[in-house]
Amino acid sequence: MQFRILVLWLSSFFLMGSTLIAQQHTIQIDVSLEDQIAVHGKAPCILLLRDRLVFTRPLPQSTKEARASFVYNALVIHAEKSQSRLRRQLSEKGYAFRPFYATNAISVVADKALLQLLATMPEIEQIIDDQPVKLLHYKDDRMQPNHRFAEPEWGLKMIKADSVWQMGIRGQGVVVAGQDTGYDWKVSPIYKKYKGYRDSLTADHTYHWHDAIHKNNPRFPESNPNPCGYSLREPCDDDNHGTHTMGTMLGEDDANSIGVAPAATWIACRNMDRGWGQPSTYMECFEWFLAPFDHNGKNADPSKAPHVINNSWYCSEEEGCNPSNFKVMEEIVYNLKASGVMVVVSAGNSGSQGCGSVSGPPAFFEPSFSVGATTREDNIAGFSSRGPVVIDSSFRLKPNVAAPGAGVRSVIKGGNFAAFSGTSMAGPHVAGLVALIISSNPSLAGKPEIIEQIIESTAVPKTSDMTCLSFQGNSIPNAVFGYGRVDALAAVRKAMSIPTATTNTIQTSSLYVVPNPVHDQAFIACTSDHEQLSQLRLFDARGSLVFEYTPSKAQNAAVISIGHLPEGMYFYVAKTNTGEFTGKLVRAQ
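Counting in my numbering, the sequence shown runs from 6 upward without gaps.
Any given hint could turn out to be false.
For lysine-lysine, the following BS3-like pairs were computed, each having C-alpha atoms within a straight-line distance of at most 27 Å [unchecked claim]:
no., residue 1, residue 2
1, K47, K139
2, K47, K309
3, K309, K200
4, K86, K303
5, K117, K47
6, K499, K580
7, K191, K220
8, K197, K162
9, K165, K589
10, K86, K309
11, K589, K499
12, K309, K197
13, K303, K220
14, K117, K98
15, K117, K191
16, K47, K98
17, K165, K117
18, K200, K98
19, K98, K309
20, K98, K220
21, K200, K165
22, K139, K86
23, K309, K191
24, K165, K139
25, K86, K98
26, K558, K162
27, K165, K580
28, K197, K165
Restraint ranges, calculated between C-beta atoms of paired labels, are given here [unchecked claim]:
no., residue 1, residue 2, range
29, M501, P232, 41 to 51 Å
30, G178, S399, 33 to 43 Å
31, T468, Q526, 32 to 42 Å
32, S566, S398, 48 to 58 Å
33, A562, R498, 32 to 42 Å
In short, the hints are calculated from the structure, not lab data.
All C-beta atoms, glycine included, are put in the ideal place defined by N, C-alpha and C.
Generate the whole structure from the sequences, applying the supplied hints.
Structure (structure tokens):
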């Protein structure tokens, strides 16, 4: 009886924005994987199952905890059922493996015999090479002085984070997270902000830290072990990069004001071995953030998931990522976002390649909130990657926004300070901003769709002389800055103006809007035949009503003409018989 109930419960949400991917075709095996096995006799790989549950639309649950629990339970039930035969086969033949549920996959080290067996199993869609992935490169300007007084860093002033603090909003009550090279958790600016900190003598690392590095990355010989070790039960940074990014999110002590949200707390996961990760290590960290589990891999608890994750890493095809493993991580990001976690990602440092240089995961994914980098002069940094996304032929806008990322001073391991440059430094500014927004209006917790709209609509408009495909450089948004450089004060003020009841009832778009961007006329239709549109209003980026459409009687679809409106971004609020829905609409040239 219990099994039947679970099956009925699981099937009930397929109509609520999830996608059950169940394609029928032959198994795809990475050629590079076969080559590695031919040379070395074995190679790490990821088995991607055909039936995968992916939440591509927001869920109706009103709280972060409810959304997180729903997504976690659904994914676990689906993975356990669909992986049962494959797990049994691997166990019987003596192969060690790690199952994943954040997306339906299993990692294993395969030899030729296992590869031949796996190729006959119909539940597998792809066998993917779990090859090394390199850290997003960054410029290291090295040592900076320790200040004698806590003057906010230039980037914090640029985005007006210090003005938000004057309102008493400093990120309190919010948990930020990072997956990176690790974290030197005892350095002064971030030490007492670690969620596991208890006092100067004790700490509780359970549910607050996870290490996905269990052995040397294939890039390093066994004779060159990781300086931190493996499967660590407390944080350690083997590079500096991770500690630096956490400092920008929330770092502060008596002499240094380096973090956007200094009253927030942090948890973290190490996904790289000295700057080199693998798809499986990134997957493991994402899965831990979905529902943190203890050091034994047990007792996962989705209520302990963070509010926002900073991802200052990027993987090009030259660095180990390719179309065969893109969708593995994209589906995980969809599921994290659906569970109520905002995923902030650095856009990449390939700006010298021009348009279309946002080309590595997770920066170009639709559910990722991607961030470009700006300079002290409030210009785009030359290294900051440009959109739109051409690598998957979606031509979607990326980056979403930009933030300070050139010459950013923060803490590194050992308690020293350094100025780094890269979009890796811009992303943490936005992750910290998310903490300020939620701190200012806690009802926004677990609603990344609304938070994204707040950040985009309040960003300082920035234009460029670079036009990329349909994105004009002199328009907003554009492919260089996205919607502009973030403004923490404006974003927090807008967040505070949103009534609590609104955040619990307004859902992100339940409408189709095509085309979007719109030149003149747009076709708008409800996603369900049972829904009827009774009103549509458009607001500009400043929140002013600029267009209203009210049909003589409720209808399922409508055509609106907005060619008279200036180019730029608008937000629509649509009333239907089932509620109110909001979304973005771009008026293009």
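field: Which numbered hints fail
entry: 2, 15, 17, 18, 19, 22, 24, 26, 27, 31, 32
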